[in-house]
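Let's have the full structure, built from the sequences with the hints guiding it.
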Amino acid sequence: MSRPDVVISGLGTVTAAGVGFSALAEAMETGRDCTRRVDTPLPVCAVASVPVSLLPHRDFPDDRKAWLALIALEEALEDAGIVGDLQPQRTSVFLGTGLSSVTPGELEEDAYPHLLPDGTGFDVDAMRRDLARDRAAPRRHDPSRVTAEFVRRLGAEGPVGTNFSACAASAQAIAEGLRTIQRGEADVAVVGGHDSMIHPLGMLSFIVLGALSPTSCRPFDRRRDGFLIGEGAAVLILERADRARARGCIARARLLGAGTSADAHAATAPHPDGVGAARAIERALRDAGLPPEAVDHVNAHATGTPVGDVAEALAVFRTIGEVPVSSVKGALGHTIAAAGAIEAAVCVAGLQGGWMPGTTGFGDLDPSCPVEVVAAPRDAALEVVVSNSFGFGGQNAALVLGHMDGAHG
Amino acid sequence: MADLRSVRVAGIGLLCPAGIGAQGMGGGVPGPVPGFRARDHVADRKSLKLMTTAVRLGVAAIQLALGEDPGWTEVPPDRRGLFVGASPQPGDPEDLRPALEAALGEEGRFDMGRFAREGYPLIHPLWLVRGLSNNIIGFASAIHDLQGVNMNYCDGVDGGRSALREGALAIAEDRADLVLAGGADAWAGAESLLGGRPCGDGAAFILLRPGTPCIREELEALIDREPPEKLGFLGSATWPVALARTWLGRDRAT
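As given, the protein sequences belong to chains R and L, one line each in that order. Residue numbers for the first sequence follow the working numbering, beginning at 1 and rising by one. Residue numbers for the second sequence follow the working numbering, beginning at 1 and rising by one.
You may find that some hints are simply not true.
[Unchecked claim] In the SDA-like style, the derived pairs of lysine to any residue whose C-alpha atoms are separated by at most 20 Å in a straight line are:
hint, chain 1, residue 1, chain 2, residue 2
1, L, Lys230, L, Pro34
2, L, Lys46, R, Ala269
3, L, Lys49, R, His265
4, L, Lys49, R, Thr268
5, L, Lys230, L, Gly211
6, L, Lys46, R, Thr40
I should point out that these hints are in silico values taken from the structure, not numbers from a laboratory. It should be emphasised that the depicted structure is a prediction, and the values quoted were computed from it without experimental measurement.
Now the structure itself:
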């Protein structure tokens, strides 16, 4: 029995480009830089934050990334026209998520009252007791609570999961949703990711790692020195193609395949030759049943870090060969756990609109990166696009997306 | 779907409040794993410093499971998968204390300026790394060259269940020839966070290979029940530990 085709029948996004998929598509098609300068004592020059004021969500008042996810969910459901047409037993949810947000207020609330008077340490037991009493914590730190909220709203009774694999999390969640439909365990999978690290401890995490650029993000550029932090969410409605067709839905794109791998190199650094990344790409193409030459464009994970970009460029060159490659991290910032889903949405926009996004910040190709970098957006009739996501800790995921009217799928 | 392959158990690594390995099948009380010394299982001291208790337990359980199947090294690295249920690793407040102390401003409030000037340089560069939920995959894949399909589920008790189920399916669907599926968590001492509920530390990984007798149906039946809590709340390790105890007990009986 052949496995069912899977389409993306709805999309919702909240990014530095604005609220809504059309804002994201417009920004990427026109090459708009969505980052903004910030004035902070921290060594951070710019961020890519959502450019509108968001009201705290009643049920998640302390979790900004949850607000983003729930806004994206609403748009995705409406976009798919699927509200009221979901069968609970045949509906699945997979989300990728990141570390908890911690605001200065929460730092004060959680930490300072528990500093020992002589400053030699924390009263950890007292801290725990207070956390237990806190109306939010430890729920605040439960990664699956947004997934659970999605399940509650959708009444989903199919397979459910929360993926945490750093920057590969939401691409892996999309892969899980695809697999679930292909296996026949669900007809619809609501998938995606959400993250916001634009808070002191979030930014601090990357500052101390030396991963943030003090200037700007320049993927594949010889001057690159790190990334800018972004935030956002994207939710994709994956659906059996025949089901979407039967209800009169005009789907946006096909999800043709997915592949995952592990670098098995070091928990703290990517494999410098990109062998793990290459394996994920190979697996995704094999899963899609496509040869490398079918790929028209690659959305690179490329964050603008010195080692990661070279590793990915080598992986793309080795697996696909010469192919136009873009990275949207310079324009949208690095949205960490949400990156895979947001960038899958950018790929869908490009497939539908007939263009490739540019690579904001790129100017001078690093000769160690054997790729053709798309510097500015350009028109292109795309049939097949690969989107890469690679996580800290060495987890890799690649997705293959196709045009609805393409020969593949 | 194409025909599914049979999936057999080739090894079990268990650490729980009842003990390590076969000792873990016995009775026990909620709490830490008795006799657990991470150095007995993880040779690389540098890595050990970056691992929380849960990650150490998980890496040890994987080591124990692989040790039961001498033939595992013959499986090509890209056919070795890893499916994990895990929680975010709670950082040690002490890691941040010097920085937070330096950032203490007027009236005991957080002062961003002080934090930027004097606080953050006091934090270890790999502070973030210790907090990642996917560290079991990061470390174990590097130690054992597990390059294949993988997933890290962060769904509390359900995380370990998803890992077991998906790991078995990865073998059945011919996406891997060796899978380590399980979970690890460390809740001992965190009872106050759970309203006084007894808590424990634990980890269990099942080494799965193609072959018979096929355990998929039994696995589905076992993980479809109410989670046992005899050894306390074990978070993501709940189901893997329960399954490991069941299967180890059965093996001993036969």
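Hints, verified against the model:
1. Between the alpha carbons of Lys230/L and Pro34/L the distance comes to roughly 16 Å, so the proposed pair stays at or under 20 Å and holds.
2. Distance check on the hinted pair: Lys46/L and Ala269/R sit about 14 Å apart at the alpha-carbon level, within 20 Å; holds.
3. For a cut-off of 20 Å, the pair hint linking Lys49/L to His265/R stands: about 18 Å separates their Cα positions.
4. Taken as a hint, the Lys49/L and Thr268/R pair is honoured in the structure, with Cα atoms around 12 Å apart against an allowance of 20 Å.
5. Proposed proximity of Lys230/L and Gly211/L is contradicted: the alpha carbons are some 32 Å apart, above 20 Å.
6. Using a Cα cut-off of 20 Å, the hinted pair Lys46/L and Thr40/R is violated, with the two alpha carbons roughly 34 Å apart.
In summary, the numbered hints that this structure violates are 5, 6.
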